[in-house]
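Student: Chains A and B are the protein sequences, given in the same order.
For the first sequence, position 114 (counting from the first letter as 1) is numbered 114 according to the numbering used here, and the numbering increases by one without interruption.
For the second sequence, position 148 (counting from the first letter as 1) is numbered 148 according to the numbering used here, and the numbering increases by one without interruption.
Copies of the same chain are indistinguishable here, so a pair counts whether it falls within one copy or spans any two.
Derived DSS-like pairs: lysine-lysine, alpha-carbon spacing no greater than 25 Å straight-line:
#1 LYS408 <-> LYS272
#2 LYS32 <-> LYS43
#3 LYS63 <-> LYS32
#4 LYS43 <-> LYS454
#5 LYS59 <-> LYS231
#6 LYS23 <-> LYS38
#7 LYS43 <-> LYS23
#8 LYS299 <-> LYS272
#9 LYS345 <-> LYS231
#10 LYS272 <-> LYS43
#11 LYS272 <-> LYS345
#12 LYS256 <-> LYS299
#13 LYS59 <-> LYS32
Rather than coming from a laboratory, the hints here were simulated on the basis of the structure.
There are 2 protein chains.
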Amino acid sequence: MKNVLGREIPDYIEGYGKVELFKGAFKNYGLKEKIGVKVNSVKPGEEKLLDSIDDALNKIGIKDGMTISFHHHLRNGDFVLNNVMHAIAKRGIKDIVIAASSIFPVHEPLVEYIKNGIVTGIVTNYMSGPVAEAVSKGLLKKPAIMMTHGGRPRAIESGDLHIDIAFIGAPTADTYGNINGVYGNAACGSLGYATVDAEYADKVVAITDNLVTYPACPIEISQIYVDYVVKVDSIGNPAGIVSGTTKITKDPVGLKIAKIATKVIELSGLVKDGLSFQTGAGGTSLAVAEELKNLMREKSVVGSFAAGGITGYIVEMLEEGLFRNIFDVQCFDLKAVESYRHNPKHQGMSGSMYGNPHNKGAVVNNLDVMILGATEIDIDFNVNVTTGSSGVIMGGSGGHSDTAAGAKLAMVVTNLIKGRLPIIKDSVTTVTTPGESIDIVVTEWGIAVNPKRKDLIEKLSSSSIPTMTIKELKELAEKMTGKPEAIEMSDEIVAIVEYRDGTVIDVVRKPVD
Amino acid sequence: MKNVLGREIPDYIEGYGKVELFKGAFKNYGLKEKIGVKVNSVKPGEEKLLDSIDDALNKIGIKDGMTISFHHHLRNGDFVLNNVMHAIAKRGIKDIVIAASSIFPVHEPLVEYIKNGIVTGIVTNYMSGPVAEAVSKGLLKKPAIMMTHGGRPRAIESGDLHIDIAFIGAPTADTYGNINGVYGNAACGSLGYATVDAEYADKVVAITDNLVTYPACPIEISQIYVDYVVKVDSIGNPAGIVSGTTKITKDPVGLKIAKIATKVIELSGLVKDGLSFQTGAGGTSLAVAEELKNLMREKSVVGSFAAGGITGYIVEMLEEGLFRNIFDVQCFDLKAVESYRHNPKHQGMSGSMYGNPHNKGAVVNNLDVMILGATEIDIDFNVNVTTGSSGVIMGGSGGHSDTAAGAKLAMVVTNLIKGRLPIIKDSVTTVTTPGESIDIVVTEWGIAVNPKRKDLIEKLSSSSIPTMTIKELKELAEKMTGKPEAIEMSDEIVAIVEYRDGTVIDVVRKPVD
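Same shape as in the complex, but just chain A (with noise of 0.2 Å):
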């Protein structure tokens, strides 16, 4: 079976069931559902604090098969999913799902569940080291879905993905389950990924190293949600969970690559009062973030929001005036932290607000530019953040194909040649995002417009800025490094990438090795 970007899907995946075929990124709209919850009511009087995690293992009665979930805006800091797991693990259940919004080298204590079964699936929207390598060799008994950050709770909203219990990571926390993120040693600001999960999952439970007296304002996850809160010594090692500084790139291809991105965006006409705009933490990313801003500057123009993952870069810019708030689904750094702690303008947003394509409207729905990277895009503006050039998992979606599909102008900044490998092939091997809902690609050498853009084709034809088809760019990248040999995939499917809409865009298969 193909679905409609040709990609060989099985009509049913043992361990992930029927698959329902990506059709199209704008055809699966309209009246959609959300589920009901069970909820244990809570009496004047109750008490929800316990002493451990097993404790709360035990008030729960945690199961073989449960699926269990965790945010993931600890990051690389994170000690909540191992804690956890080592307690779960220590008692000899089996079959666990892991429904984290993000996998990180941290996480390598997975590894060993995984082999001996007490891990049977995982649920996410990012991984990345030696957990993704494992789910890589097929040592995971189920496929893994890889899911995106406004796919997973459009998931869980709907029922696709059911979670028994929730464990959140909480930075400060009080008695009666009051949660947020911008005060205690692990501070992270935003607990965007984390609301869905308070809201669907049958149980969930609060676990902090800063247990404050009543009430944990401001209040990011209300009592409300909360049934359990546990004291531990530590959530998080702070060095792994924000970066001091995320820096700009220092490389001039990447600052060549941000100034003919600044460009194209100037020329498309979008740079005006009310502009909204998103991009990622990456060097050259930022580096447009920092051209854009000088031509904000220029122009006076004020926009009006910035979104997504929050570094300083972004913060200066609210605080300079460029733009009018900010909408926060996740901090990258202290400065960003401190800023979402003190700005009402810097507001926080869920998971589902950010990008989840069955509410009524995502933030994402009202960006103007998105920058996005890639690790491979293909002649159909296809684009590859999941898997590598050996075919091993190293990333996912995150935002990836939510903010694509949204933004007006969603523009792929990517050096064209990247480890001696050209990053534009024929086919990519894994498509995270459809390439109808890219509009550009800028490289160091040009630039290649999505033919459906027309009318920025047109905008974009007095320039100087060197204009290819997304071929002839592929074409020139060859002619440098020559045609790279496509890496040999097996048949064993140990991954599903479901596109934001909960329909299957592609599976990733195990490299031959």
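Assemble the complex: chain A is given as a structure, and chain B must be docked to it using the hints.
Tutor: Here is chain B on its own, set in the frame of chain A:
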């Protein structure tokens, strides 16, 4: 059929259905279910702004028999309910059920719609003025359903109260449906009661007179819940929305009651760090706040939170550091609105978080001291704040039953005699709040402690406060006024009084003229 309080209630009521009898304030807890919600998902590029209320009614397809909802933060200054009903009435639509969190004298036009069958049902937590009088006269086809501020979100979340269209008066909104109550001509502060309507109604329409460019931060109600936005000239009259000032009573009797009440609070042992407190905006209740303020200063006590409908007096206590936080479901005056806008310690809460008995613990569960009013109290400590001495509806629970159930010390403060009638009766005309959740009655002549609070009787035993049984207090009043004649009631049920858990605690019958 009689419920546990001995109130005579049919097991089936025409226009209401099968009756679930009240069994006790804490009998109906355990696993509860929130229902699913249908959502019309919004694609990038789709817009929400409509030209008029009529346009919204067209888009949605308003039909006979629909339930439409309103919030009451604009109180007696509200134009939204009347304007929407005017547009509906013009269409010849019949059989509308109005689910308004409260109904005020300004909503008098409803009386005509009740008379001609355009409106045949009312669900509300409080009503006063012409509509309440019309309901009392039996003009409404179906009995009105009187809920509580916590019971309403419970009913909506559980599906007991299904809302077809929620109309949300929005002091500020952007074109994509983000709403806040802190800016605009009709700024009313917290929009706590509207939250659940936005989350659960089939369709949600924001009606605003202050349409701002996207995004309308700080966001109280998110774009993900709003289908349409309508710009109108005015959503309300600020003079009726917030009173410039709420005033402490100058009546010596009220001041005396406040002094006794505060002494009781002190002797209860609750005046210590972490104290939590709520009071209404009545003159005597505010006088208690004033006395308590002095006591807290004197004892250098820092309370945890003050909750509820918030007045400037409570804001002053926050600003002075007497409380660490405020939980605000509704602002009563301009000072409260301003504080809510600027002070991060002034935390908003939804009606569900405030008082819903069937979530994982409402804020009322954490109240130490609650100061309550009463129209009548009976010798079982049952309180009536629903009907007046003539049997006519002139109020309703609001948060009365919710806070009484939650607070450690639920205290009724009242003159023993009002309008030459004794407040304490053998049996109240209508039970709003069950006696088991009332701990003490404080009058200018003395206090009566609920016999189940042996601990409190013990603590007060050595004080000089005149302490009586509730019967003694009743007899004392009757000595002064004579025993009032009972109001004669017909059999016709004009309203159902639901306790916060959805069971029927009483019915209101039509008084005999």
